[in-house]
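Enquirer: Given chain V, put chain A in place with the hints provided.
There are 2 protein chains.
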Amino acid sequence: VRVTFAELSQTELSDLVASLRAAYGELSARGLKLDLTRGKPSAEQLDLSTALLDLPGSADYRAADGSDVRNYGGLRGLPELREIFAPLLGLKPESMIAVGNSSLELMHDYLMHAVLFGVPGGSAPWRDVAFLCPVPGYDRHFSICAKLGMEMIPVPMTADGPDLAEVERLAADPKVKGIWCVPKYSNPTGEIYSPETVRRLAEMPTGAEDFRIFWDNAYAVHHLTDEQQEIEDIIGAAQAAGHPDRPIVFGSASKITLAGSGIAFLGASDANLDWLVGHLSKRTIGPDKINHLRHVRFLESPQGVLDLMAKHRALLRPKFDLVGQALTDELADTGVATWTTPRGGYFVTLTVRPGCASRIVELAGQAGIALTPAGAPFPHGKDPQDNVIRIAPTFPPLTELADAMAALVLCVKLASAEQLLAA
Amino acid sequence: VRVTFAELSQTELSDLVASLRAAYGELSARGLKLDLTRGKPSAEQLDLSTALLDLPGSADYRAADGSDVRNYGGLRGLPELREIFAPLLGLKPESMIAVGNSSLELMHDYLMHAVLFGVPGGSAPWRDVAFLCPVPGYDRHFSICAKLGMEMIPVPMTADGPDLAEVERLAADPKVKGIWCVPKYSNPTGEIYSPETVRRLAEMPTGAEDFRIFWDNAYAVHHLTDEQQEIEDIIGAAQAAGHPDRPIVFGSASKITLAGSGIAFLGASDANLDWLVGHLSKRTIGPDKINHLRHVRFLESPQGVLDLMAKHRALLRPKFDLVGQALTDELADTGVATWTTPRGGYFVTLTVRPGCASRIVELAGQAGIALTPAGAPFPHGKDPQDNVIRIAPTFPPLTELADAMAALVLCVKLASAEQLLAA
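Heads up: the sequence lines are chains V and A, in that order. Its first residue numbered 1, the first sequence is counted upward by one per residue in the working numbering. Its first residue numbered 1, the second sequence is counted upward by one per residue in the working numbering.
In isolation and in its complexed conformation, chain V is listed as follows:
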């Protein structure tokens, strides 16, 4: 018989809180020190790319075109590396660059140059502008906007991507210059944008003639099921709709090979690429092409990337299963929480009773389990409902993850029961 917390009498609730507090006391006494905060790969995942630590090898420093990758130059990155990642990111090798070790840098630098100089198709630098922020979303996207003084306008997520009616309504304002999108296995809620979402984002009229879709395809090949989810081609859709400069596609090898030593990618129209590379040419003489060659030798082909990702999946799937099982076992009957079962990506999102998320994160923290701060997936770190918690299960070993989840569900129950009792 399922009895939710809300159906309990005051006496039953009071007893429940007492027993949960006792359990929480025991938990705190264990002196745990566990971390579910960030989407970091585990040591076992990094071990999958151990071969990179010996590559390219001392006799190997020639690119396919014969050039010496040890020397300066090559602002767009090694063509043969772009050829490997292009099909995986829905790009063409000649319409993308491979630069640096972090796609976040490319998003940041695109926006910083937009603020200072304006972008192709626009008539002025981006001052006093706004960005649409589907929520919950990725905190580091929002931090860039906050840094640059851009207004952030939250847009609700649906199962198919951001609420399109709302996006179309808001984008009519010329002040609104763009939207953040994580179109596949969205961070943190795992949605996959539907074909209609992609098409309408590409086609919609916008008030700003220089509107941009920041298409952070961070989890393009980061599947957690046998079924490789695909999304529509935003570049092609935007070209077909007469908005070729609208999408800026980002990708990264950081969660494919080595987190701090991967490669970042940006794909866009020629106008965007020429504009960005022109600006970056004042900043650098070129990327670390040896790391490009290293990745080419290791990954070899798009299929090589997919084979590697299958190994990641074998390591990650048990962790996500454990999280789902722990939540189901302990919370399914309580009526105080729901959660996502992502088909890819790096996160599980736990939705709790409004007003409880920050208390749960606080309780967990006091018991030694670090969680992403409540509110992080919202602009300025403010969750209006205070009910979203992002769980990052990838980094800790399974045994630690089990401990952390047991602690987390206890904190969820305690905070929820306390809230109901006080109501």
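There's no promise every hint is true.
[To be verified] In the BS3-like style, the derived pairs of lysine-lysine whose C-alpha atoms are separated by at most 27 Å in a straight line are:
#, chain 1, residue 1, chain 2, residue 2
1, V, Lys282, A, Lys282
2, V, Lys282, V, Lys147
3, A, Lys282, A, Lys92
4, A, Lys382, V, Lys282
5, A, Lys282, V, Lys147
6, A, Lys282, V, Lys382
7, V, Lys382, V, Lys175
8, V, Lys175, A, Lys282
9, V, Lys147, A, Lys147
10, V, Lys175, A, Lys147
11, V, Lys92, V, Lys282
12, A, Lys175, V, Lys282
13, A, Lys175, V, Lys147
14, V, Lys282, A, Lys147
None of these hints come from the bench; they were simulated from the model.
Expert: For chain A alone, coordinates are given in the frame of chain V:
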């Protein structure tokens, strides 16, 4: 008997021009394709760091503090790498960061953030500001200022560094926010800043309370003689003078290990570092720490760097000797050119008759010898006297360098004689 071109009669000049034109015709017919444009290391220099291509090795991914360098994090760079480079750059490991593969990036990003946000000790973003540019100087420094709309005010170089009376006079203007300096083996003219220069730059009153010295110590260990030239400690001098935030010191391993895959360094006061790292923390989750560990394993110690630089010197010295000899043999008696004999760094500067530099570069280009564009060492690429040519002898093999120098001196003589004849 030394007879300069200027002492020749019109007839003699006319004969000279005719014979030089004939020689130039033969030169052009050879169809050479040589490049003296940029300060790139040669393949032999890159070979000195071949071991890096196998490092760190598959079992080696732990930093000295036990952390896994393969994962995210560590915004300031690996401490043990900073310890190796700190003494060579006159810095303390805790007062520097190691980030990216290009010190130019760090200069660019410091200035870009200054323009958008202002710097510690200042009261406003850097809009409508000016920078002092000792000339001849480094074209890429000037390109950053040009990109950001900063006014560039040329300051003459002396044998001891920039003309200090002029610097002090100009720095009294609050609009002047900084100065570019390459204090050792200056690019392109090779000067070494005297102790008095360093002290006065650190001590001088400035109109701007947030004045910065961009101290690009690009050639800190790039000696061409047995005598390792040292410069005074700008950080200590500025601290002693009560201007701790004034100097920003840059360094790079690009011309020590591998040009495109080195490490960049920035050293400054805590206020500057905290400000910059705070801004960069919105841009990246950390540098490529595997490349840091790779460099630690390869270089081992400050002495390891110096030992490596001695091998560079053994390769570079014959090239600089060849350039000096070619210029002496062919131009010493002509009175139409003077040149530098640098004790370190990457360039020789050739000073020709006013109005001749661009013609010489043009003649050389038409004969297949690419030279840095005349004017490049000046703000906006405009040499007011049109008499400075930067020679970069490091990249070509000796035989090609000999061919290129023979061609260059011929072009110098031809342009000079033609100018004198037309006068």
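Enquirer: Do the alpha carbons of lysine 282 of chain V and lysine 147 of chain A lie within 27 Å of each other, as the hint requires?
Expert: Roughly 8 Å between the alpha carbons, so the hint for lysine 282 of chain V and lysine 147 of chain A holds.
Enquirer: Given the proposed pairing of lysine 175 of chain V with lysine 282 of chain A, does the C-alpha separation stay at or below 27 Å?
Expert: Judged against 27 Å, a Cα distance of about 23 Å means the pair holds.
Enquirer: Please verify whether lysine 382 of chain V and lysine 175 of chain V have alpha carbons no more than 27 Å apart.
Expert: holds, 23 Å
Enquirer: Taking only the CA atoms, is the gap from lysine 282 of chain V to lysine 282 of chain A under or equal to 27 Å?
Expert: Distance of about 21 Å is within 27 Å: holds.
Enquirer: Under the criterion that the straight-line Cα-Cα distance not exceed 27 Å, is the pair lysine 382 of chain A, lysine 282 of chain V satisfied?
Expert: OK: lysine 382 of chain A and lysine 282 of chain V at ~18 Å, within 27 Å.
Enquirer: Check whether the Cα positions of lysine 175 of chain A and lysine 282 of chain V lie no farther apart than 27 Å.
Expert: holds, 23 Å
Enquirer: Please work out if lysine 175 of chain V and lysine 147 of chain A have their alpha carbons no farther apart than 27 Å.
Expert: holds, 26 Å
Enquirer: Hey, lysine 282 of chain A versus lysine 147 of chain V, does the alpha-carbon distance stay inside 27 Å?
Expert: holds, 8 Å
Enquirer: Against the 27 Å threshold, does the CA-CA distance of lysine 92 of chain V and lysine 282 of chain V hold or violate the hint?
Expert: holds, 25 Å
Enquirer: Under the criterion that the straight-line Cα-Cα distance not exceed 27 Å, is the pair lysine 147 of chain V, lysine 147 of chain A satisfied?
Expert: Between lysine 147 of chain V and lysine 147 of chain A the Cα gap is close to 21 Å, so the pair holds against 27 Å.
Enquirer: Are the Cα positions of lysine 175 of chain A and lysine 147 of chain V separated by 27 Å at most?
Expert: Holds, at roughly 26 Å.
Enquirer: Below or equal to 27 Å on CA atoms is what counts here, so check lysine 282 of chain A against lysine 92 of chain A.
Expert: The hint holds at about 25 Å.
When each numbered hint is compared with the structure, no violation occurs for any of them.
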